[in-house]
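Residue numbers (the numbering used here), protein chains in the order written: chain A, 1 to 175; chain B, 176 to 381; chain C, 382 to 584; chain D, 585 to 1063.
Derived from the structure by calculation, the hints contain no laboratory data.
Using N, Cα and C, we set each Cβ at its ideal position, and we do this for glycine too.
Worth double-checking, as some hints may not be accurate.
What the hints assert, rightly or not - List of simulated lysine to any residue pairs, SDA-like, C-alpha gap at most 20 Å: (1) 847/D with 895/D; (2) 48/A with 895/D; (3) 48/A with 901/D; (4) 851/D with 37/A; (5) 711/D with 631/D.
Stated by the list, open to error - Which chain C residues face chain B? A few, computed with CB under 10 Å, are given here: (6) 413; (7) 541; (8) 567.
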Amino acid sequence: MIQGAVFLVSAILMLVVAATFIFVALNASKKAVAYPPLLEKSYSMRAKFFWVLSIAGILILVVTTLDLPYAATRGDVPGNAKLVDVDGRQWFWNISQTEFEKGDVVVFSVTASDVTHGLGIYGPNLRMLNQTQAMPGYSNALEVTFGEPGEYKLMCMEYCGLAHHAMVTAVTVSE
Amino acid sequence: MSKNQRLAAVSSGLLILITLTPVASQLTSTMRGHVLLQIPLLVAVGIGFGRSLAPHLVRFLNRWNAMGIPGILITIFTIAFWMIPRWIDASLTNTSVEWIKHSSLVLLGGIPLALSWERLYPVARGAVKIEFLSMLFRLGWLYLISPDRFCNSYLLEDQIWLGWGMIIIGMALTLTWLVPVFFGEYAPAETGHSSPKNPNEAPNAA
Amino acid sequence: MNGSSTIATIVILAIGLSALTVGTNGWSTWTAEAARRQAVVERPRPLPAYQLLDSRGESLTLAQSERDLTVVDLIYTQCPTVCLAMGAQFRQLQSELATAGLLERVELLSVTFDPANDDQSTLSDYLRRFGAVEPHWRAARFQDNDELAASLTDLGVIVIPEQSMGFVHNAAYYLIENGRVIEIFDIEARTDLFEAIRARLAT
Amino acid sequence: MTTSTPSPLTGSARAGILTYMGISALVYVLMMSLGLVMRLTQATWLDLPPNLFYEVMTAHGAGMVGISGLAGSGVIWYFLRRYVDLSTGILWANLTFFLTGVVLILGGIFLGGYAGGWTFLFPLPAKGLGAWGVPGAASFLIGLLLIGVGFLLLYLDFARAIIAKYGSLGNSLGWPQLFGGSTDESPPAAVIAATMVLIVNIAGILAGAVVLVLILVNLFMPEFALDPLLTKNLTYFFGHVFINATIYQAVVAVYEILPEYTKRPWKVNKVFLAAWTASTVMVMAVYPHHLLLDFAMPTWALVMGQIFSYLGGFPILVVTGWGALTIVHRSGIEWDMAARLLFLSIFGWCVGVVPAVIDGTIAVNQVMHNTMWVPGHFHMYLIVGLVAMLFGFMYYLSNQSKRTGIDKVAFWLYLVAGVAFSFGFLTSGMNSIPRRWAVHLPEWVSFSQSSSAIAAVVALAALVFALRFLTSLKHARTT
């Protein structure tokens, strides 16, 4: 599950930052050493740090942008996909189809009629599978594969007024 | 002919050209010509007159124009008034409104601007510039999205032209004003509040 | 800031804000079109007794009508855009009035401002095209071009000749009572117009 | 040219800075309490109706962003005046506009019922559906406009003063040293930071002024239908720049105070100059990372959003974070309250960047954005970063930096609870809990319950900091 991995990676990186700060904090009030040699050493370490960060950044950037979620919106819809219209309104969803079968590839064509909403699709385990913005005058195509049977919730992810939190509906996926 | 007289003569010539000759109807035949050329030219004529006023008159007016604030307010109100579509339309169908427009843009738009700009505190000058830019962007955007014609005398297509014109002029002005701020080399001031005279703050800039 | 400049600033602010307030009728009227409509509501405008000729050759004037109310729209029959919409709206209005039993009391009048092209038979075609029920809905033309021009100016209508589209004009419905324009409606505001007619005839 | 010549901080300038910081301290505690109220509601321990919850949410957001702007500008004004000749009148004018704006905003929210969020996402302000009408929304938007006018005057005064001394903004960003091979001494860090901030904030305020007025026009004349996506671009440009600039102002306190404590200079070298020039561009270019879910945006703009999100981390981590670590390491620094909080703040900034950069990755954004992950990132960055920085500056300013027992306790509570509170959001985000929901699903309530308890500790610690500052104003520095 991507959320768990994201959390883990973040936590590790944050721990690395924390460890560095704790190390320096513990050593800070020790007897002062001369600054220029320390600075020189620090600068050379920083140069290495910079390169590590740059190369890692570029690699991650390339890998993560190889597959962007915008293809369906640009017209590249998989041939077997079921097309479903979703229209967000204060405060409910209009969906053209609510019954699906396991393994269905669904492309939601998402728009809104009044204000900006956000459509988040949640799996039976209440984890988000995918989301997009629902905006008046625009249509975003959101591709989701229903891998397992159960109830999938559609929730509003963009604040849209007083019943924003009640803007929840469900579709069912059968075996 | 002194410099002042020359300036006054040039301004008078320009005024005659844009109000009394066939150029006048040419300028107002389109909305873009009306708003982006005729109105600024009338203000420019006023700036020309304002800069050629006799020194003793300027001294007298300055007593009523501390830090240029009253003067710039007159200019702002005058220009704001002539941005109201209703009165742009009226100046085309009603000759007396037309003459009021011409004279007020020269006398209340341009002249106070010339007399006040240099006297404004630099912060106020900057604020006027920023507000002027945002006015161009706001009006330009409104003209582009308006479902109706603002002026009965002009076509919707013309209005869209004007919208783009305002936005492009706004961007060009932004760049024009930014370049000297970033790359200019103003003599550093020796002390205190004697702010240096900046080339980007010439009175005709607004 | 010295005293005289402070006074000047206050006076300028007062005059400037007043000018903007008055110039927009209290921040409400930004366009000439809005001003024209508001002025009519405040001061109903009498119409001169110019002679018009309708599609059947009968003469009439805007100043006089046998009916309680007259609704006028200005058209030209070759219009590709807005007049088509107005024609369709007029047809709707006609059927709404008929349903409400008010058609006998209201005259619908389409007046052309293009008499060069719109003669009697063209106007008949126009009425037929939109399913006009005569004599409730009539179409007419000015006989005198100067009178047409004067009327347009009087009503605040500005017609701009335009190459591809023929003419562009500020289209609207004029509600006339006793020879005076009492209200002007946007062409999208048919429902408002109908409600206004019903309210007037109810009293 | 760059020597520090601290003119004494006296009279109305001193009163001005103390007022800025005093108001900020109070408002932070107040806004934290509003945050606590929201968490308690989500925890079902407080029975707040949704309309009130969303009003509180709007006030919390607008209040935090606004007061961070005010406090940040107070910090940078205090240090910038050591190098250039600032106008005290403008300092007060900004405060006047600010407070007037606050009155209108609070009136719009709590009298007018406006609960459209501080981001006033078009066309929501016009569509309250009975909860609020035109007056509430208009009052809120006009309040924001007034606050923008005040800040505009302040930043124009920065520009005036800096240009008067350095000749141009290029010079005050150190471009001759960076690009032109000039060997003159670079401008001091405070001047460089002030230049960056005035550039991005004037641009942001210009965008905000355009979009706010047009939303107002739309409120009164709905026939002017703005394009929601274009409006969103401008709104996020304005909002992102403004909230980001707060910490770029406050960080000057770190640049100025840590060298004083460690007796080591914070060198302005080419890397430092390059980092700040790059930040100037990136802070303005990075906002599309708020729009990664707007598939209708051009793909290149969205990919640029991810690229700039990544790049944006560099100057902070490589220059400011690394610099702070270096200057403090083995310096024999005395860990008084100011030093502690400032050091903590740099940690908070660096650590808050991590979840932000990760959310800026399109693939992650798909499942993490608009969940609690996002408030997780910015609460880390604001509580442990910015607000710690500001309280550190307040301890320094009030000359009460020697720590007492209660200070010590408050510091550790603030640190631990601040980090834990932010992690509460991050774990909620991992569990896909949406942000900005007045009522949570039963499965989610336990997260809010633990967070509520922790939030109370954060607010309590901040209250100690605030009271310590407010009760010692008369001892405040005069330089």
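Going down the list of hints, with the structure as the test:
Restraint check for residue 847/D and residue 895/D: not satisfied, since their Cα atoms lie roughly 32 Å apart, outside the 20 Å limit. The straight-line distance between the Cα atoms of residue 48/A and residue 895/D is roughly 17 Å, inside the 20 Å bound, and the hint therefore holds. With a C-alpha separation of about 13 Å, the suggested pairing of residue 48/A with residue 901/D holds against the 20 Å cut-off. Among the hinted pairs, residue 851/D with residue 37/A is consistent with the structure: their alpha-carbon atoms are about 14 Å apart, no more than 20 Å.
Distance restraint check for residue 711/D and residue 631/D: the Cα-Cα separation of roughly 25 Å exceeds the 20 Å cut-off, and the hinted pair is therefore not satisfied. For residue 413/C, the interface hint holds, since its Cβ comes within 10 Å of a Cβ in chain B; the closest pair sits about 4 Å apart. The interface hint given for residue 541/C is met, as the beta carbon of that residue sits about 6 Å from the closest beta carbon of chain B, less than 10 Å. With its C-beta approaching chain B no nearer than about 9 Å, residue 567/C sits inside the 10 Å limit, and its interface hint holds.
In this structure, the earlier hints numbered 1, 5 are contradicted, and the remaining ones agree with it.
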